[in-house]
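Protein sequence lines, in the order shown, are assigned to chains A and B. Per our numbering, the very first residue in the first sequence carries number 1; after that it's consecutive. Per our numbering, the very first residue in the second sequence carries number 1; after that it's consecutive.
Treat the hints with care, since some could be wrong.
What the hints assert, rightly or not - Listed next, the in silico SDA-like pairs over lysine to any residue satisfying Cα-Cα at most 25 angstroms (straight line):
hint : chain 1 : residue 1 : chain 2 : residue 2
1    : A       : Lys169    : B       : Lys66
2    : B       : Lys169    : A       : Gly246
3    : A       : Lys66     : A       : Arg24
4    : B       : Lys169    : B       : Gly147
5    : A       : Lys66     : A       : Ala21
6    : B       : Lys66     : B       : Arg108
Think of the hints as simulated: they come from the structure by calculation, not from any bench. The structure presented is a predicted model; accordingly, all values stated were derived computationally and were not measured.
Protein chains: 2
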Amino acid sequence: MDADEGDKPGYLGHLLIIGGAECRGSGLLERFVELSGGEAARIVLVTTATGAPEEVHADYERVFRKLGVGTRELRLRGRSDADGEAAAKLLDDATGVFFSGGDQSRLRALVGTRANEILRGRLRAGGAVIAGTSAGATAMGRTMILGGEGPGVSAATVRTGPGLGLLPKALIIDTHFSERARLPRLLSAMALDLEYLGVGIGENTGILVDGTRFEVLGTGVATVADGRNATVIHAAGDEDPITLSGVRLHLLPAGCVFDIATREATIGPAHDRY
Amino acid sequence: MDADEGDKPGYLGHLLIIGGAECRGSGLLERFVELSGGEAARIVLVTTATGAPEEVHADYERVFRKLGVGTRELRLRGRSDADGEAAAKLLDDATGVFFSGGDQSRLRALVGTRANEILRGRLRAGGAVIAGTSAGATAMGRTMILGGEGPGVSAATVRTGPGLGLLPKALIIDTHFSERARLPRLLSAMALDLEYLGVGIGENTGILVDGTRFEVLGTGVATVADGRNATVIHAAGDEDPITLSGVRLHLLPAGCVFDIATREATIGPAHDRY
Numbered sequence: 001m002d003a004d005e006g007d008k009p010g011y012l013g014h015l016l017i018i019g020g021a022e023c024r025g026s027g028l029l030e031r032f033v034e035l036s037g038g039e040a041a042r043i044v045l046v047t048t049a050t051g052a053p054e055e056v057h058a059d060y061e062r063v064f065r066k067l068g069v070g071t072r073e074l075r076l077r078g079r080s081d082a083d084g085e086a087a088a089k090l091l092d093d094a095t096g097v098f099f100s101g102g103d104q105s106r107l108r109a110l111v112g113t114r115a116n117e118i119l120r121g122r123l124r125a126g127g128a129v130i131a132g133t134s135a136g137a138t139a140m141g142r143t144m145i146l147g148g149e150g151p152g153v154s155a156a157t158v159r160t161g162p163g164l165g166l167l168p169k170a171l172i173i174d175t176h177f178s179e180r181a182r183l184p185r186l187l188s189a190m191a192l193d194l195e196y197l198g199v200g201i202g203e204n205t206g207i208l209v210d211g212t213r214f215e216v217l218g219t220g221v222a223t224v225a226d227g228r229n230a231t232v233i234h235a236a237g238d239e240d241p242i243t244l245s246g247v248r249l250h251l252l253p254a255g256c257v258f259d260i261a262t263r264e265a266t267i268g269p270a271h272d273r274y
Numbered sequence: 001m002d003a004d005e006g007d008k009p010g011y012l013g014h015l016l017i018i019g020g021a022e023c024r025g026s027g028l029l030e031r032f033v034e035l036s037g038g039e040a041a042r043i044v045l046v047t048t049a050t051g052a053p054e055e056v057h058a059d060y061e062r063v064f065r066k067l068g069v070g071t072r073e074l075r076l077r078g079r080s081d082a083d084g085e086a087a088a089k090l091l092d093d094a095t096g097v098f099f100s101g102g103d104q105s106r107l108r109a110l111v112g113t114r115a116n117e118i119l120r121g122r123l124r125a126g127g128a129v130i131a132g133t134s135a136g137a138t139a140m141g142r143t144m145i146l147g148g149e150g151p152g153v154s155a156a157t158v159r160t161g162p163g164l165g166l167l168p169k170a171l172i173i174d175t176h177f178s179e180r181a182r183l184p185r186l187l188s189a190m191a192l193d194l195e196y197l198g199v200g201i202g203e204n205t206g207i208l209v210d211g212t213r214f215e216v217l218g219t220g221v222a223t224v225a226d227g228r229n230a231t232v233i234h235a236a237g238d239e240d241p242i243t244l245s246g247v248r249l250h251l252l253p254a255g256c257v258f259d260i261a262t263r264e265a266t267i268g269p270a271h272d273r274y
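Throw the hints in and build the complete structure from the sequences for me.
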């Protein structure tokens, strides 16, 4: 657990990656608060991704208040904010950091900043829990999906770029997965490098990453696409779909655990009765 | 090619299964007309699935007319129509039979009728090409998906029933696949019996079934889900998602060929350049 290479990030802290539209009562925010220290938690809400930070902060403030904790907003309007002292102080002190949804393109401004480094450090030391939902979840990987919607699987459909690098190297995340028909997009991103493990997370569903494993939480499923033994043929034209053969797919509801290193799923105790 | 068991249907005729919203120019209808005998084709349009048969027939009449052939409508309002002499005569004489879209529940009235038997016989003898789009495609299997939408993969989400039995036994079809986010639904249907091979067909896309192989046509992809080596855990509650691990997935654009017996994909010549 202390090597920092490949799929062994050596992280002691937890990452909670949520597919969007999380509701109180599904256990996702409750688990985040609990891991952050319960009523003693010091939670920072990063609203960089959203175009309506006041409203988003007010919403989360209300929800977290009902769970017994307050939140401090960290808006981070750009790279200089993210390199600044105020941000560093808040993040150094936090026990839980939550990235709101919005547009993940806005989170590119944080990549490689002092704030980003602090988050990596806190995670490595087991000092803070980091969570993100929707755009805030998508941005957690070393590579993030930036855009591309619609049913056509094509090399041009998906746009990717560097992310915050908080997740194990292999993981590439997509959110609102079942709701927005994003299998073609996730597989297109995965096909850029078949060592990627695509994880599509449904709404009100999350994965809790702990070292090289993750557990599924919430009401929906995490769809894991493993292309290690797949064949990919990229299309000649931008608008043409790619060809993929032999992708290994897993649909995992709450309680299932996936081992990122061995790429095997373990059925959770809640589903062990049959 | 003459045994009628398992995946060996012994069919000499062709089946063209279209995912809905086919456009002239994508080669789907053109291929159907060509296989039906070109300008000498005698095409019957079965409008049983739709609630607006006049309009649907007028639309197809216009499209097929541009391809050089006329169509005769076979409305088949219910089981007695489908057992009747008029239907038998039309179907015995046709070289191509095209099932329109609509609601596949309406096609249940044809299952096991004289019309259904004639279609099976014509196909077995290589005497006619049979095509279906959308609901008309879904109904072609021995088991058809009748309903169930939404992102939740659950035992209760999907409803299935007997279909027209024109396809090789293992195939279970879904349509508008990428456009309507139907992966959860197809996998739920497939999970009812892991010997099923789920085939999700996108819009303006089709598979041309010839014996135990099919070729992909059109502009989108056919998504093939093979659960033969998968693990399935059915959920305790109707609303809970199922767990599936180890499904083999293929995304196949035009030109790819899938062998239903060996469950292997062959990349088409159009994609062989890279």
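Results for each hint:
no.: 1; hint: A:Lys169 / B:Lys66; verdict: violated, 54 angstroms
no.: 2; hint: B:Lys169 / A:Gly246; verdict: holds, 22 angstroms
no.: 3; hint: A:Lys66 / A:Arg24; verdict: holds, 9 angstroms
no.: 4; hint: B:Lys169 / B:Gly147; verdict: holds, 20 angstroms
no.: 5; hint: A:Lys66 / A:Ala21; verdict: holds, 17 angstroms
no.: 6; hint: B:Lys66 / B:Arg108; verdict: violated, 32 angstroms
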